[in-house]
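K.L.:
Generate coordinates for the entire structure from the input sequences, incorporating the hints supplied.
These protein sequences, in sequence, are chains Z and V. 195 is the number that my numbering gives to position 195 of the first sequence; each next residue is one higher, with no gaps. 88 is the number that my numbering gives to position 88 of the second sequence; each next residue is one higher, with no gaps.
Keep in mind the hints are simulated off the structure, nothing from the lab. Just so you know, not all the hints are guaranteed correct.
The calculated BS3-like cross-link candidates involving lysine-lysine, where the alpha carbons are at most 27 Å apart (straight line), are [stated by the list, open to error]:
1. Lys229/V x Lys313/V
2. Lys414/V x Lys64/Z
3. Lys230/V x Lys276/V
4. Lys414/V x Lys354/Z
5. Lys338/Z x Lys230/V
6. Lys354/Z x Lys366/Z
7. Lys338/Z x Lys99/V
8. Lys287/V x Lys313/V
9. Lys95/V x Lys367/Z
10. Lys354/Z x Lys276/V
11. Lys175/Z x Lys314/Z
12. Lys99/V x Lys370/Z
13. Lys230/V x Lys365/V
14. Lys343/Z x Lys230/V
15. Lys95/V x Lys370/Z
16. Lys64/Z x Lys419/V
17. Lys179/Z x Lys157/Z
18. Lys366/Z x Lys99/V
19. Lys27/Z x Lys221/Z
20. Lys365/V x Lys64/Z
21. Lys367/Z x Lys230/V
22. Lys343/Z x Lys314/Z
23. Lys354/Z x Lys99/V
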Amino acid sequence: MGPLETMKKHYEQRDVAAQKWKKQGGKVVGYVSDDCPEEMILAAGLFPFRISGDPASGTAETDKYTESFYDPSVRSILNMLLTGKYDFLDYLVIPHASDSILKLYHQLWWIHRVDPSKQFPPLHLFDIVHTRFWQTGQYVRDQVRALKEKLEEWSGKEITASALARAITIGNENKALLKQVAALRASEPAHLSGVEALQIIGSSMVMLKEEHNKLLSQFLKGASQLPAQEGVRLFIEGSDLDNSQFYELVESCDATIVGENSSWGNRYSDDPVDPSGDPFEAIAERYHLRPSRPRIQSIEQRVAYCVRSALEAKAQGVIFFLYEWDPAPSWDQPDQAKALEDKGIPSLSFNMQKYAMSDRDRETLKKDVKQFVASLSKKKKH
Amino acid sequence: MSAAKGVGDQSKTGPVKDAKPLKSAMAAAQHQKEWFKNAQERVRAGEPFCLANADTPHEIFLAMDDIPIVMMQWWSAIISAKQLSGYYFDRMGDKGYQKNVCRYCALPLACAIEQDPEHEPWGGLPKPTLLLAQLSCDVHTKVFELLARAYNCHFFPFEYPAPAPSYPRWWERLEDDWEEVIGSHVLDLRVEETKALIRYLEVSTGRQFSHKTLLEIMELENEQEEYFKKIRNLIAETRPCPVSLRDQLAATMNLQWHRGTQWAVDHTRMFYEEVKEKADKGEAVCKDEKIRLMWIGRGLWHNTAFYQYFEEKYGAVFTNSMYLSIAADGYIRHHHGDPLRALASRHIYMGYCLRDPEWQLNEAKRYGVNGAVMIVASNCIDSVGNMFIKMVLEQGGVPVLPIYADVVDAREWKDEEIKAQVSQFIEERCMP
Ligand code: SF4
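P.N.:
Following this line, the structure appears as C-alpha cells:
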C-alpha cells in the first residue's frame, strides 16, 4: 500500500494504529479537539489519539441524556463513548476548548450520576481558558503542570524535559511536512484534492507521529507525479469538519478544495511549538497563545485569517459550512463574507447544516454548490 | 446567569386576580425607573457607565462612588417586556446574522447596532464607556466584541475557568466555606482579575476604589439576602402560596439589582413584612390551591402573565423559581476579612449553581411541588444540561415538563400550544 493509501486507511478506520499499540501492551489517551498538548501524551510514553465524531454512528444514546442543540460533532462523540466505540481508550483528556466540549466533561459525570452502570475511562479536564492575557497564560501554565502530573500518574513514569523536547521536534516536523502538503494544494494547478488533504492531515492525529512523518516524507517524494486538479478552486470556512462528507460532495461538482480554516485541515499545522528553551514553557505558551486557536481570536482576527488563507490558497470562491448549533463561527460569518467580497472573492453560505447529511440534504447542497461553481467558472472565463 | 430589574411593570397586563400587587414590588419597579432616568442624566453629564453581564461584580462599581452599571439580562428583559424583540431580531437578520442566533444576550446588541434611542424602551440605554462579562459562553466574546464596536468602548472580559462537576450540597456550605466549595486556584485567578478591573477603572475614570465602602456593601448585602432567605423559607412552607411567581420575580429582581445599598435592605425587609402579613392573614394566590408547580429556567419576560392561567384553570400555582432561591442560597458571604475574594466566589459559578440538578431537586422538595415546568431555549448553550435536571428531579419523584421556547423572543411563543402542553402535564402527571 502506498503512503497516500495508508494514510487514507487510517483516516477511515481511525482506531487501527491505536488498537495495534494496545495489542503491544501500550496505553491510549483519547483527547478532544486540538487544544490538548498531544506532545505531552507522547512524551509520557502513551498513545495520543484525537477523538472525533462519526456522522454514520447515530445519536440514539446521546439523545437519552442530552439536548439536541449543541455542537453535533460533540454529541456524536458522546454517542460513541456510550456505545462502546471508544472502549479501547484507557484515559480521556477533555480540554475546555469550547462550551460544548466542556459540557461533554460534565455530561459524563452526570450520566454516571443518573445511571451508575455507565462507566467511562478516567477523565482529566485540561482547563485552557479563553483569552490571550498574560494572567491567563499563568493559569494555563498551571494547567500544563497539572496535566503533566496526571499523565505521569497514568503512565507511571516521569515526563522528562528531554522526552518532551523530542516529542516537540517530532510534532514540529509533522507540521512542517504538512505545510508542504498545503503547498501542493496552493499551487496552480493544485496537485491534491481536498478529500485527500483531509485524509493526510486527519491521519496524523490518530497515528504515532513518527510513523506519520515517514509516510509524509515518502508521499512528498512522489509529489511531482500527482495529477493536476482542474476543478474551480474553493476555500472552506466555518465549523470544524471532522469527516469528509461535505468535501466529497463539493468535489463531485467540478471543484477542488484548496484550503480551509479548520483544525482538521490546514490550520492544524499552523504554529509549531518553539523548540528553544524550556519545553514545558514552550508547550504552555503554544497552547495558550497560538494564533490558530479560534477561541482566542476576535472576529476581526477571524476575518483576517480567513481572507489571508483564502488568498494564499488562490481560492476563487469561499463556502461557509456551519453546523447547526455551532453558534460561535456563525457570528464571524457576516464580516468574513463582506471582507472576502471586498477582495473580489464571492462566497456561499450554508447555515444550520446537519452533521449527518440525508440524501435530500445532499441533493439541495449539491444544487447550490453546482450553481456557485458554475458562476465562478463563468467569471474566470470573462 | 440571568437577572432582571424593572421587570414586572404592573400596568401592562393587570395584577394577579385575588392578590393585590406587593407594595414592595411596585416601589422597587418605580425606584428602578427613577434610578435609570437618573443614570441617563448622569451619563449625559459625562459620568462613566458600564453595561455588564449579570454574573459580574457590580459591587466594585458601587464602591467607586457608585459608577452607574446596567445588566445585559435586565436590559434584554426590558426590551422584551416592551415587545420589541421581534423588531430587533428581524434587523439582525437583515444584517446577515443567522436566524437562530441566541437571543438572551444578543438582544441588547441588536438594539445597540440599530442606534435608535427613540425606538428603545425607557428613552434608550445610555452609551456605555465600559463592557464587562465573564466568558462563560463562547458567544459572549462575539457579542461583546460587536457591542464594543457599536459603542466604541472597551470590553473587559473575565475568564471562566471550568467548574468542577458539583460540590455536594454546596448551598449549605457557600456562606462560610466558599473557598473550599469554589476552589482556590479559580479564586486566585478571579481575584487577580478583579484587582486589574479596579485599577483599570481607577485609571480610566479618575475615581478611587473604597475598601471601606466595599466592606459596608458586603454587610448590607448579607443583611438583604438574609431577608430573601426568610422570604423564600416562608413562601416555601406556607400553604396556600401567599405570593404569585410574577410578584416574586418583579420584587426579587428589582431589589436584587440594588443590593449593597440601604435602600435595598429596607425594601427587602418591606417585601418580607408584606409576605409575612399575607401568610399570617391566610391570603393566597389561589385560595383553593390544589397543585404546586416550580418554574425552572429564566423568567418568561415577554409574558409574565402566563403563570396566572393555570391558577384559574386548575388551582395550580407556580410557587417558585430560581431567582428567589438563588438569592437565598447563593449570595450571602461571610468574607472572613477578604471581601474581594468573597466577592469573587459569589459570581464566578452563580450560573452554574443555578443549573445544578441537585439544588433544583432540593428546592422542589422544599416547596413541596407536584411538578416542574422547565423552559428550554434551544438557541442557548446554557440550556444544555437541563435534561439532567429533569432526570434527577424525576428520580426524586418530581415530574418535569420541558417546554421549548425563548424567554425574550416573543415571536416563537406559541401560547395556545404551550398552555395545552402544560394543561396536559398537570392533568396527567401532577394531579394527586
Ligand atoms: S448562548 Fe446563551 S449564554 Fe451564550 S451569549 Fe447566547 S444567550 Fe447568552
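K.L.:
Any of the earlier hints contradicted here, and which numbers?
P.N.:
Hints 1, 5, 10, 14, 17, 19 and 21 not satisfied by this model.
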